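Sequence positions in the sequence shown follow our numbering and run 1 to 760.
The hints are simulated quantities; they were obtained by calculation from the structure and are not laboratory data.
Every value quoted in this text rests on a predicted model; they were computed, and no experiment measured them.
Heads up, the beta-carbon is just placed ideally off N, CA and C, and yes, glycines get one too.
Per label pair, the in silico range of CB-to-CB distance:
hint, residue 1, residue 2, range
1, 427, 150, 42 to 52 Å
2, 285, 687, 25 to 35 Å
3, 180, 73, 32 to 42 Å
4, 606, 292, 30 to 40 Å
5, 104, 427, 37 to 47 Å
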Amino acid sequence: MNVKTVLVLLVLALATIFALVCVLLTRGRAPSPCQHQPPAQEDTGDGQSLVFADLTPEEMVQVVRYLQGHLGVQLVDASRAKPSDSCIASVDVQVPAKAEVLQFLDKGGARPPREALAVLYFGNQPDPNVTEYVVGPLPTPAYHRDVTVQKYGGKVPYHRRHVTGKEYMDINALIQRELRKARRFLAACCESDGTDLAILTTAPRGFKSGDRTTWFVLFHNVAGTGYYLSPVGLEVLVEHGDLHVSQWQLRKVFYNGQYFPSTGDLENAFVANMLEVVRIKKPLAEVVLGSMRPRRPPGSMGPLQYEPLGPRYSVRDNHVTFQGWSITFGMSPNSGPRLFDIRFRGERIIYELSLQEALALYGSNCPGGMSTRYLDGSFGIGRFAYELVRGLDCPYTATYMDQHYLAESETPKTNQNSLCIFEHDAALPLRRHFSDSQSLYYGGLRKNTLVIRAISTLINYDYIWDFMFHSSGAVEVRVHATGYISSSFFYGQGTDYGNRVGPHTLGTMHLHHMHYKVDLDVDGQLNSVETQDMSYELVKDPWSMQNTMERLYLRRERLEREDEAAFPLQAPLPRYLSFTSPKPNKWGHPRSYRLQITSSAGEHLPASSSMERAISWGRYQLAVTRRKEEEPTSTSIYNQNDPWTPTVAFADFINNETITNEDLVAWVSVGFLHIPHAEDVPNTVTVGNGVGFFLRPYNYFDEDPSVDSPDSIYFSEAQDVGACGTNQLACPPPSCAPHLPRFRYGGFLNLSLAPPPNGL
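Based on the provided sequences and hints, a complete structural model is requested.
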């Protein structure tokens with residue numbers, strides 16, 4: 001063997017020894033604590049969640065093209081359609097029937113055909129109407145079927161359609177023409193020629209079915225701030241029901257407590273010195289009431305929530321998994337966030353959890369305020385869920401999802417980053433105990449939850465919609481209200497309807513009511529409703545018969561029929577109300593989930609009101625009905641503009657059918673009364689303005705499932721609490737900055753694509 005060969009072998013031997021040493025030294029070493037790891041990939045069902053998925057922009061385009069070519073009707077783009085035209089109002093996914101979906105998800109059946117629901121306005125017909133079509137299969141449509149009569153028992157009258165952005169623009173043009181007839185009055189009262197005033201719609205629009213007459217309230221408009229706190233005292237009533245815009249008319253004018261037939265009459269009264277004018281200077285941006293501009297320079301940054309090793313949840317398509325939870329999510333352009341097929345530890349608990357409606361009902365001594373009953377679903381709770389601000393609306397490192405919709409246009413729109421998903425540390429123990437007697441130990445569990453959030457801006461108000469999933473198997477649903485209060489011009493006995501919050505501003509009292517659908521499948525589809533509460537019984541003391549005592553006992557009751565399970569707002573609700581399975585847990589009790597409501601909702605409307613049936617879901621804090629495919633929602637987008645003959649009346653769902661061992665739906669109302677006050681300026685804080693409900697396991701498990709949480713802590717007096725093997729809190733990751741993406745915000749770009757809800 002020559003020297004060259006020996007040297008080669010020696011080098012190879014040294015390289016081998018070095019490699020072995022490296023392997024031994026790095027064996028078992030954890031990744032760098034500052035290195036973000038991808039979330040653990042859990043089973044996401046091989047795309048099964050896509051059976052519920054919102055439509056993609058490409059699918060929306062295909063539906064529009066199909067309708068344009070197969071209806072035999074000239075369709076005008078809704079963004080420029082007149083009332084006398086025909087147009088596509090909206091396109092959304094048609095969720096398949098539950099039986100078909102479960103056959104596919106649970107029994108290996110065929111995937112249901114993917115379909116869309118298209119709403120069309122047919123104004124260019126002898127009998128104008130609103131028609132709904134199911135179009136499919138996607139992505140290449142080949143058929144359509146009219147489902148209007150099947151859903152609603154007849155055609156939807158044309159006057160029930162929502163007011164489009166184009167219709168609002170035409171109303172604005174009419175109002176501006178009329179304001180020119182009162183130039184001297186406007187200059188005196190408001191330092192304005194009318195063109196710089198903001199115009200806010202009210203709803204509903206009249207007093208009887210067929211009316212389309214709306215009060216519009218005028219405000220000083222200052223760039224960069226909310227105009228809702230700057231009413232000028234002028235309101236106008238516009239009749240806009242005719243198919244021909246040229247026939248629309250201004251019917252009434254209100255100013256500072258007085259009514260006039262027209263703006264010309266208002267001007268004449270001013271010129272004749274027969275009008276009490278409150279002269280309001282045009283506000284400056286720096287001092288305008290309600291400005292949210294910072295008054296102090298930025299301070300040091302507050303606490304930043306982030307995952308030191310990356311997120312512990314996994315998101316794929318429309319599906320998220322987290323520590324035993326599996327949730328499919330989406331967004332209805334009308335009714336907002338909707339979740340499907342919610343499972344914990346592989347078992348379905350909820351088939352559908354969805355927002356249905358949000359009602360804001362006002363009081364005032366001005367016509368616009370006193371007549372307002374906003375049903376926000378008709379404006380678009382999901383459509384106006386805009387981009388979320390990273391680090392404020394949601395944690396900086398949350399996962400942000402885009403949402404797509406098609407409404408009032410033939411082109412799909414995108415609200416980017418409009419839904420966020422994150423793990424939240426509540427800084428509160430989920431459970432804990434410090435043992436100071438007998439054995440000495442500490443045991444506890446951090447309260448970490450998965451949060452799915454969207455925020456809708458509906459004219460003046462912002463609603464924060466939260467769906468939270470706890471390691472105990474509980475689901476929490478919560479909504480917070482913020483944004484601007486709506487206001488009226490302060491005059492006369494205004495404080496009978498709210499509080500004065502500015503020189504000329506009355507913060508008008510109002511109710512917030514939100515309605516949810518909860519399709520529970522607790523250990524299977526067949527469930528019953530059981531209530532439990534406390535009572536006292538007077539008994540002889542067993543050990544001292546001459547004495548008596550009041551013994552507390554548990555009173556259980558099975559609710560057999562829908563009428564028994566419809567709880568009016570002011571009626572006492574059993575403190576324990578559970579949806580039970582016929583199957584018992586280990587201890588012989590029915591596996592159940594308890595519904596627990598946190599709300600302070602007031603009376604939605606008197607029963608004698610002509611429009612009460614349109615919001616009859618508001619009668620009940622809870623109503624349980626048998627699930628029916630023909631009762632998919634508790635309301636309709638058409639109820640806003642014809643509440644006197646509602647297209648869907650929830651009260652009709654309750655007809656005393658049996659609810660024992662049936663597929664059940666819980667319809668939950670939450671809300672609160674808001675009497676605005678000085679601290680609602682500049683706008684309303686979320687503190688104390690949150691309501692919601694819980695779904696909590698009740699004998700569903702044999703013990704608290706969070707015992708399996710990796711976040712548990714336990715140590716005894718005999719242990720070294722500073723040892724990593726004993727206590728994970730003793731060895732937190734070093735303080736290393738997270739890899740934060742660059743801050744971006746494109747929410748304002750959406751406004752060039754979609755008009756705001758008031759359209760003006």
